[in-house]
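Protein sequence lines correspond, in order, to chains Z and A. Residues are numbered in my numbering as their position in the first sequence, beginning at 1, plus a constant of 2. Residues are numbered in my numbering as their position in the second sequence, beginning at 1, plus a constant of 2.
None of these hints come from the bench; they were simulated from the model. Hints should not be assumed to be uniformly reliable.
Put simply, identical chains are the same to the list, so a pair is met inside one copy or across any two.
Said to hold, decoys possible - Below, a list of computed lysine-lysine pairs in the DSSO-like style, where the Cα atoms sit at most 27 Å apart:
| hint | residue 1 | residue 2 |
| --- | --- | --- |
| 1 | Lys11 | Lys92 |
| 2 | Lys118 | Lys92 |
| 3 | Lys53 | Lys121 |
| 4 | Lys53 | Lys92 |
| 5 | Lys53 | Lys118 |
| 6 | Lys118 | Lys11 |
| 7 | Lys53 | Lys11 |
What you are looking at is a predicted structure, and each value in this text was computed from that prediction instead of being measured.
Protein chains: 2
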Amino acid sequence: MTTAHELTKNQTLVFNTLSRAEGPLSAYTILDQLRGDGFRAPLQVYRALEKLLDYGMVHRLESINAFVACAHPHNHSHNHGMIAFAICEKCGQVSEFSDDIITQRVREWTTQNGFKQTKTTIEIRGVCAACGTA
Amino acid sequence: MTTAHELTKNQTLVFNTLSRAEGPLSAYTILDQLRGDGFRAPLQVYRALEKLLDYGMVHRLESINAFVACAHPHNHSHNHGMIAFAICEKCGQVSEFSDDIITQRVREWTTQNGFKQTKTTIEIRGVCAACGTA
DNA sequence: TTGACTAATGTAATAACATCACATATCGAG
DNA sequence: CTCGATATGTGATGTTATTACATTAGTCAA
Numbered sequence: 003m004t005t006a007h008e009l010t011k012n013q014t015l016v017f018n019t020l021s022r023a024e025g026p027l028s029a030y031t032i033l034d035q036l037r038g039d040g041f042r043a044p045l046q047v048y049r050a051l052e053k054l055l056d057y058g059m060v061h062r063l064e065s066i067n068a069f070v071a072c073a074h075p076h077n078h079s080h081n082h083g084m085i086a087f088a089i090c091e092k093c094g095q096v097s098e099f100s101d102d103i104i105t106q107r108v109r110e111w112t113t114q115n116g117f118k119q120t121k122t123t124i125e126i127r128g129v130c131a132a133c134g135t136a
Numbered sequence: 003m004t005t006a007h008e009l010t011k012n013q014t015l016v017f018n019t020l021s022r023a024e025g026p027l028s029a030y031t032i033l034d035q036l037r038g039d040g041f042r043a044p045l046q047v048y049r050a051l052e053k054l055l056d057y058g059m060v061h062r063l064e065s066i067n068a069f070v071a072c073a074h075p076h077n078h079s080h081n082h083g084m085i086a087f088a089i090c091e092k093c094g095q096v097s098e099f100s101d102d103i104i105t106q107r108v109r110e111w112t113t114q115n116g117f118k119q120t121k122t123t124i125e126i127r128g129v130c131a132a133c134g135t136a
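Using the sequences and the accompanying hints, generate a full structural model.
In structure tokens form, the structure reads like this:
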């Protein structure tokens, strides 16, 4: 069962910062936004992020070294599909989606090759519809 | 037509270093291996890598901040499929593969959402067959 | 050849991202 | 209360990447 996690003070602060943000934030941007709340060192942010990532409440975007609050209020227990991110390089907006066929194809490859996957990153960089037409 | 690129001295050194390597290397590891050839600063490596990435001769692994020589002697002109990487966290070996269905599914999503993709990253982290059974 | 342009290179400094090491505090179980 | 586990505070350090500026090398036209 996926209980709603009790967040600690720092985890709550970091999560709220990410939730309020328009787009992804770097750890150091989060730090700066939380100076007023007593944050002084990167580690305070990274430690909170680590837990939030564990809980599936936050995603890390590897290609831009940044973090976003998870868009879906999932139920992580079921629905183990891989999540893909489309990141707009103009406005920074991130769209999150999950595709069963992609998930399945990846699993097929890993199964056939005896590869035990632990984490999969799918990130599409480009320009979103809004920025493309503007 | 994709002409074989004339590489400069530094590009050649960096490419050869990556080609000889068992697995992916960080820019700073490459730098260290090229000290004997007169390399002194990170920028010498990053500049060469930038070109090699342009030419499609090298890939960047976003999830581990490292670089590998491209496994396929492709023909980049055709075959615009997205490339996926399976990265073993035990031994560092990287397997490269391309899946038309995944490529197509991603394109469907981007088309439907008016997203103009420029680059796509697919990286599977885990443990390879050899390390899994060992 | 000269001059002017472009691409490549060299170098130092700095920025951006992330972790280590160690001390202190908080909280629940027994 | 006391022990152990988890969370936190803090400084230093490690790792990755870029900026800024000077220099060198190659190309091509007049």
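Check each numbered hint from earlier against the structure, then list the numbers of those it violates in ascending order.
Failing hints, ascending: 1, 6.
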